[in-house]
Amino acid sequence: MDLLTFGKTGWGDELFYATLMTIAVSITAMLIGFLFSAIFTPLKLSNNKFLNLIANSYTTVIRGVPELLVIYLFFFGGSGAIMYVASIFGYHEYIEINAFITGSVAIGIISGAYSTEVFRGAIQSIDKGQFEACKVLGLKRYIYFLKVIMPQMLRLAIPNLSNVWQITLKDTSLISVTGLVEIMRQSYIAAGSTRDPLFFYSFAAILYLMLTFLSMKLINKLEVKYSRGF
Amino acid sequence: MDLSLMVSSLPKLLSAAVITLKLLSISLIIGLFIGLLFAILRLSKNSIINRFAYAYSYVFRGTPLLVQIFIIYYGLGQVEYFRSTFLWVIFKEPYWCAIIAFALNTGAYTSEILRSAFQTIKPGIIEAGKSLGISGKIIFYKIQIPVAIRQSLPAYGNEIILMMKGTSLASTVTLMDITGVAKHIVSTTYKPLEIFITAGGIYLFMTFFIHNLIKYLEKKYSY
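Protein sequences appear in the order of chains A and B.
Once you know that position 80 of the first sequence is 80 in my numbering, the rest is easy, because the numbers rise by one and skip nothing.
In my numbering, each residue's number is its place in the second sequence (first place is 1) plus 1000.
With the rest of the complex left out, here is chain A (with noise of 0.2 Å):
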């Protein structure tokens, strides 16, 4: 228990800090996600047959290859294809990219996909008679879709969506062979400094367990909140 001890000595505070970056990553890594499958998600749901392959493309290819070959996709390959772009428009300076964005996009790109398939499961299970309904009744686009689907489609989405945070919490971990401090990582300086890893490794995995019993709790609120009226 000295090994966790706060201050010089110990590695609790360290620890501390690492988990904060996990919870950090994890959380951007999660809205990236996001962000990608609000651009994936309608494509995937669209007419166009070519607007689909894109999708179903993006969608397939993350995840059928393991996730620690897309981190060092990334890492390795992320600044020099930044250097290649950068060159183009007369930069010849190394450019290095911070670990942490590096990461964070690696594991969104990840969380993406999966989240992707979670929202078009969501929207496609949605009642066609809402959807006609809006259009019968003549909302406008936006508001039929923040005020009628989104809605319906998030309390569907939710129990699905913890799934894709647990996994994305996880993922996380494999950010550590870039160097990004974080759970994993202290856990790795730790192990290699005090030459006790049993002990460091089986703290982070219990930091994990945690993180995932919290945010399960959270997340089941949310899941009340939003079933309101079902």
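In case anyone wonders, no lab produced these hints; they're calculated from the structure.
Please read all numbers here as calculations on a predicted model, not as lab measurements.
A couple of the hints might just be wrong.
[Said to hold, decoys possible] Below, computed lysine-lysine pairings styled on DSS-like, alpha-carbon distance capped at 25 Å: (1) A:K49 with B:K1215; (2) B:K1130 with B:K1142; (3) B:K1191 with A:K44; (4) B:K1137 with B:K1045; (5) B:K1122 with B:K1219; (6) A:K49 with A:K135.
[As the list claims (entries may be wrong)] Selected chain B positions facing chain A (in silico; Cβ < 8 Å): (7) T1063; (8) S1168; (9) L1169; (10) K1183; (11) A1199; (12) T1207.
[Claimed, not checked] To spell it out: a stretch of chain A is covered by chain B in this simulated footprint if at least three of its residues, at any positions, have a beta carbon under 8 Å from a beta carbon of chain B; those stretches are: (13) 71–81; (14) 204–214.
Here a beta-carbon is modelled for each residue, glycine too, at the ideal position from N, C-alpha and C.
With chain A fixed as given, assemble chain B onto it according to the hints.
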């Protein structure tokens, strides 16, 4: 894009795919037995056994696979007593550590899949068996298990794909699977985009294969 590098790296990556497939198949087979065992324990009426099985699946589903591999590979080697037992022969090899971690992980998910399949079996099937005078044991082995396996096929297919993606973590404990070899080639050629895209293509092909295999099995065993 260096196309010739992509082509020349393909044989190396494909031979690494053999290790990925070995890791996947061995851990799936062990995981299936663990999953079946824990699904049965979950259905037990004894609350201690029931809670133990729930705790197992909760812990393994609630923590990242990477943590599980690290605890088994780096953590267990630290225990002096453990190193003197015969188990050390297995646990000193990263290959078996990875397989044990994968098997325990997929076992937890499989137990949940099978449990829900057991619970959704129509009671009429079991009652029909009973009224025909078939013993409870035979009903379980010859009726409940096959029906449960058929019902859990789609979910289990997803689990196989998730596990296949999970095997890429074996590269973090020095194993040379597809991801490990890809990373090694990148460190010598400095061409991350080409190599990782080729490796991704191999994984994607495997995903398609598994996906179609499961679809075929679903059709074959549909009732």
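Straight-line alpha-carbon gap K49 (chain A) to K1215 (chain B), limit 25 Å: Given that 25 Å is the threshold and the Cα spacing comes to 24 Å, the pair holds.
Agreement of K1122 (chain B) and K1219 (chain B) with the hint, judged by alpha carbon distance not exceeding 25 Å: The given pair, whose Cα atoms are some 20 Å apart, holds under the 25 Å limit.
Restraint check for K49 (chain A) with K135 (chain A), where alpha carbons must lie at most 25 Å apart: Holds - the C-alpha atoms of K135 (chain A) and K49 (chain A) are around 24 Å apart, at most 25 Å.
Verdict on chain B covering the segment 71–81 of chain A, criterion of 3 CB contacts below 8 Å: Our answer is that it holds, as 6 residues pass the Cβ test (under 8 Å) against chain B, meeting three.
Chain A contact restraint on L1169 (chain B) - CB to CB distance below 8 Å: 6 Å, holds
Supplied contact hint for T1207 (chain B), tested at 8 Å Cβ to chain A: 4 Å, holds
Restraint outcome when K1183 (chain B) is required to lie within 8 Å of chain A by C-beta distance: Status holds, d = 7 Å.
Stated coverage of the segment 204–214 of chain A by chain B [criterion: 3+ residues, CB within 8 Å]: holds (count 6)
Given hint S1168 (chain B) near chain A, where the shortest CB pair must fall under 8 Å: 4 Å, holds
A1199 (chain B) as an interface hint toward chain A, with CB separation required under 8 Å: 6 Å, holds
Distance restraint between K1191 (chain B) and K44 (chain A), which requires alpha-carbon spacing of 25 Å or less: 33 Å, violated
Pair hint K1130 (chain B) and K1142 (chain B), alpha-carbon separation not exceeding 25 Å: Holds - the C-alpha atoms of K1142 (chain B) and K1130 (chain B) are around 13 Å apart, at most 25 Å.
Violation of the numbered hints given earlier is confined to hint 3; every other hint is satisfied by the structure.
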